[in-house]
Amino acid sequence: MANVTLRNVRKTYPGGFEAIKGVNVDVGDGQFCVLVGPSGCGKSTLLRMVAGLETVTGGEIDIGGRVVNQVEPADRDIAMVFQNYALYPHMSVYNNMAYGLRNRGMPEAEIKTRVEEAARILELAPMLERKPRQLSGGQRQRVAMGRAIVRQPKVFLFDEPLSNLDAKLRIAMRVEIRKLQRRLNTTSIYVTHDQLEAMTLADILVVMNGGQVEQVGNPLAIYEKPSTTFVASFIGAPPMNLMSTRPDEIKAQLGANGAGVQAGILGIRPEDFVITDQTPSGGVALPLTVEAIERVGAETFVYGARAQEEDRVAATPGELPPGEIIVRIPGADAPPIGQKIRVAAIRSKLHLFSADGRTRIEA
Amino acid sequence: MVEEEGIRRYVAHVILWIGIAIVAFPVYLAFVASTQDNAVIANGQMSLLPGGHFFQTYYQTIFVGTSGSTREPVGNMMLNSLIMALAIALGKIAISIISAYAIVYFRFPFRMAIFWIIFITLMLPVEVRIYPTYKIVADLHMLDSYAGLALPLIASATATLLFRQFFMTVPDELLEASRIDGAGPFRFFWDTLLPLSRTNMAALFVILFILGWNQYLWPLLITTRDDMQTIQVGIRKMITTTDALTEWPVVMATAVLAMLPPVFVVVAMQKLFVRGLVETEK
Numbered sequence: 004m005a006n007v008t009l010r011n012v013r014k015t016y017p018g019g020f021e022a023i024k025g026v027n028v029d030v031g032d033g034q035f036c037v038l039v040g041p042s043g044c045g046k047s048t049l050l051r052m053v054a055g056l057e058t059v060t061g062g063e064i065d066i067g068g069r070v071v072n073q074v075e076p077a078d079r080d081i082a083m084v085f086q087n088y089a090l091y092p093h094m095s096v097y098n099n100m101a102y103g104l105r106n107r108g109m110p111e112a113e114i115k116t117r118v119e120e121a122a123r124i125l126e127l128a129p130m131l132e133r134k135p136r137q138l139s140g141g142q143r144q145r146v147a148m149g150r151a152i153v154r155q156p157k158v159f160l161f162d163e164p165l166s167n168l169d170a171k172l173r174i175a176m177r178v179e180i181r182k183l184q185r186r187l188n189t190t191s192i193y194v195t196h197d198q199l200e201a202m203t204l205a206d207i208l209v210v211m212n213g214g215q216v217e218q219v220g221n222p223l224a225i226y227e228k229p230s231t232t233f234v235a236s237f238i239g240a241p242p243m244n245l246m247s248t249r250p251d252e253i254k255a256q257l258g259a260n261g262a263g264v265q266a267g268i269l270g271i272r273p274e275d276f277v278i279t280d281q282t283p284s285g286g287v288a289l290p291l292t293v294e295a296i297e298r299v300g301a302e303t304f305v306y307g308a309r310a311q312e313e314d315r316v317a318a319t320p321g322e323l324p325p326g327e328i329i330v331r332i333p334g335a336d337a338p339p340i341g342q343k344i345r346v347a348a349i350r351s352k353l354h355l356f357s358a359d360g361r362t363r364i365e366a
Numbered sequence: 053m054v055e056e057e058g059i060r061r062y063v064a065h066v067i068l069w070i071g072i073a074i075v076a077f078p079v080y081l082a083f084v085a086s087t088q089d090n091a092v093i094a095n096g097q098m099s100l101l102p103g104g105h106f107f108q109t110y111y112q113t114i115f116v117g118t119s120g121s122t123r124e125p126v127g128n129m130m131l132n133s134l135i136m137a138l139a140i141a142l143g144k145i146a147i148s149i150i151s152a153y154a155i156v157y158f159r160f161p162f163r164m165a166i167f168w169i170i171f172i173t174l175m176l177p178v179e180v181r182i183y184p185t186y187k188i189v190a191d192l193h194m195l196d197s198y199a200g201l202a203l204p205l206i207a208s209a210t211a212t213l214l215f216r217q218f219f220m221t222v223p224d225e226l227l228e229a230s231r232i233d234g235a236g237p238f239r240f241f242w243d244t245l246l247p248l249s250r251t252n253m254a255a256l257f258v259i260l261f262i263l264g265w266n267q268y269l270w271p272l273l274i275t276t277r278d279d280m281q282t283i284q285v286g287i288r289k290m291i292t293t294t295d296a297l298t299e300w301p302v303v304m305a306t307a308v309l310a311m312l313p314p315v316f317v318v319v320a321m322q323k324l325f326v327r328g329l330v331e332t333e334k
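Read top to bottom, the protein sequences are chains A and B. Going by our numbering, the first residue of the first sequence is number 4, and it counts up by one from there. Going by our numbering, the first residue of the second sequence is number 53, and it counts up by one from there.
It cannot be assumed that every hint is accurate.
Some chain B residues flagged as far from chain A (calculated, every beta-carbon gap over 12 Å) [said to hold, decoys possible]:
| no. | residue |
| --- | --- |
| 1 | I70 |
| 2 | G71 |
| 3 | D89 |
| 4 | M164 |
| 5 | F167 |
| 6 | L174 |
| 7 | D196 |
| 8 | F219 |
| 9 | A235 |
| 10 | Q284 |
Here are the in silico distance ranges between beta carbons for each label pair [said to hold, decoys possible]:
| no. | chain 1 | residue 1 | chain 2 | residue 2 | range |
| --- | --- | --- | --- | --- | --- |
| 11 | A | G61 | B | I147 | 18 to 24 Å |
| 12 | A | D359 | B | T210 | 57 to 63 Å |
| 13 | A | E120 | B | Q217 | 37 to 43 Å |
| 14 | B | V315 | A | E111 | 40 to 46 Å |
| 15 | B | R159 | A | R123 | 40 to 46 Å |
| 16 | A | N106 | B | I147 | 23 to 29 Å |
| 17 | A | T60 | B | V315 | 58 to 64 Å |
| 18 | B | L101 | A | K134 | 50 to 56 Å |
| 19 | B | M164 | A | E294 | 37 to 43 Å |
| 20 | A | V70 | B | I166 | 35 to 41 Å |
Simulated from the structure, these hints should not be mistaken for laboratory data. Treat the numbers as computed from the prediction; the structure is a model and nothing was measured. Note that beta-carbon positions come from the ideal geometry of N, C-alpha and C, so glycine has one too.
Only chain A is shown next, with the shape it has when bound in the complex (with noise of 0.2 Å):
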């Protein structure tokens, strides 16, 4: 039981590439904490420099009151589950979760219990004496939460331990964990390239680009306040719809918050909008031509073209197509492709940021 305390830590590598740049996060006892950003964001580099595999360029770790900067991985006392798990392949299941407890000299007595416990909590026992691979994706994803759990460590950390799971194994196995990890009551840090599974997960979810952390916080509370335009594109799925927007535009949304705003960006997550031909009031309200629909059961994505008079370009490069927006409907019902329609979102709906993007005006 502890927490994890990380102050500007900082990474540099030989080559002068700035990794992590100064990131500060403070993960509570039990608490668990996902780390989620695109590739090459810095969040395993930065789960590793946490396990002690990667070295510390500046700042300090801090775990469970102590600053391990300095401190052997195996003395950290932390376990980490890996992408491919990186099971012993020539040692059982049963000696696979023994090792590192044999490394500490722990009796064969004590390390029997705790195996066939951390077996049974993972429904293995039937397998403890088959090598890793007569197992299948899962059940070596269960030894390697095994091998973790047999530790008791102070700390978790779990290196995108799903992505090499099937659709469905990955959700039944997200659920697992997060059981898992609330009948141990372990601080635990948590990397993915997954939002849902960031979403749904965390505690503290916290939101990575570059090597900086750009969100720190509840994941809903973030999903419903994204502080940057990274953020709300990144968390949500479709992502949030972004715009850039006039001065005279923001002066009517905003009233006199927004008469110091030069020009802004405008975010509206797809299912806030309505099909209405009415405008509410200080919301918004954008004429569409239907372009593609994805139907996916209970919801449909509709995909529309704003009309040629708006000159508004998607904000950020690499976001919507300019001048695409994805409506979000319940239901299979939808206009046909070719109609023109009329969406609104009513204005506690709307999210403002600066033309930049990097900062949440509100409203």
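Since chain A is already given, all that's left is putting chain B on it; use the hints.
Coordinates of chain B only, in the frame set by chain A:
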């Protein structure tokens, strides 16, 4: 497998059998010759069926040796060859797996330079460096000794390279998992890397054992005493070109005996050997 129809299948089989006959016939002939009387061979009337001197010839070969050229029993030669081949094979594996471990898993100054120096020795087989090597072995008083036979052949770039390539395919996460599990460099080597290299070691052992067993030039140079002779050198010495009559049955029996240990090693380790060459599963 695609099943061939009719005549084509027979043609394929005939070709295979011809190939087998070409390879096997000389071996068979050597065996037949080793069971004949020397006089029959000498006057050129050897039959293609085994003669009646099998036990007599092999007993003489293994325990007595020829009565003329070398008096050393072949049993002793085989022991010398076996010790040399085992020392070379095991020594090479031990040294090269350790040096490959150092090169792949440790960061030390001039690591790449050392790797390249090892690599360059590939271009310097024993035959090329034979004079300086002889000088060194002689100065160390290792002529006519097992150490002298084996040591110069132990340092091996090939095996080091092979293990290096294999280690580089072992996922880094295994090392990291070991570090988190509290295994130091020695434990990681012993508990994880060695068991994983088992099939590679077996494949290498087979190749190196045969290589060591078949050494000719080096043992010929540094052994002068009959009781330190290896079998490959011994065969050659039995064939006299002057005065005396070559004892062909004994020579042939020695040749057959010289073939047996490599065959035995290959057969015994065949399964591991093939797995070591083809296996990719980690």
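Checked hints:
1. I70: holds, 42 Å
2. G71: holds, 37 Å
3. D89: holds, 56 Å
4. M164: Holds: least Cβ distance 15 Å, greater than 12 Å.
5. F167: The assertion about B/F167 holds, with a minimum of 20 Å to chain A.
6. L174: holds, 30 Å
7. D196: holds, 43 Å
8. F219: holds, 14 Å
9. A235: At about 5 Å from chain A, B/A235 fails to clear the 12 Å cut-off, so the statement is violated.
10. Q284: holds, 38 Å
11. A/G61 x B/I147: 18 to 24 Å: violated, 42 Å
12. A/D359 x B/T210: 57 to 63 Å: Since the Cβ atoms of A/D359 and B/T210 sit about 59 Å apart, the hinted range of 57 to 63 Å holds.
13. A/E120 x B/Q217: 37 to 43 Å: Hint holds: Cβ distance 41 Å, inside 37 to 43 Å.
14. B/V315 x A/E111: 40 to 46 Å: holds, 44 Å
15. B/R159 x A/R123: 40 to 46 Å: holds, 42 Å
16. A/N106 x B/I147: 23 to 29 Å: holds, 27 Å
17. A/T60 x B/V315: 58 to 64 Å: holds, 59 Å
18. B/L101 x A/K134: 50 to 56 Å: Roughly 52 Å apart at Cβ, these two residues keep to the hinted range, so it holds.
19. B/M164 x A/E294: 37 to 43 Å: Distance hint for B/M164, A/E294 is violated at roughly 56 Å.
20. A/V70 x B/I166: 35 to 41 Å: holds, 36 Å
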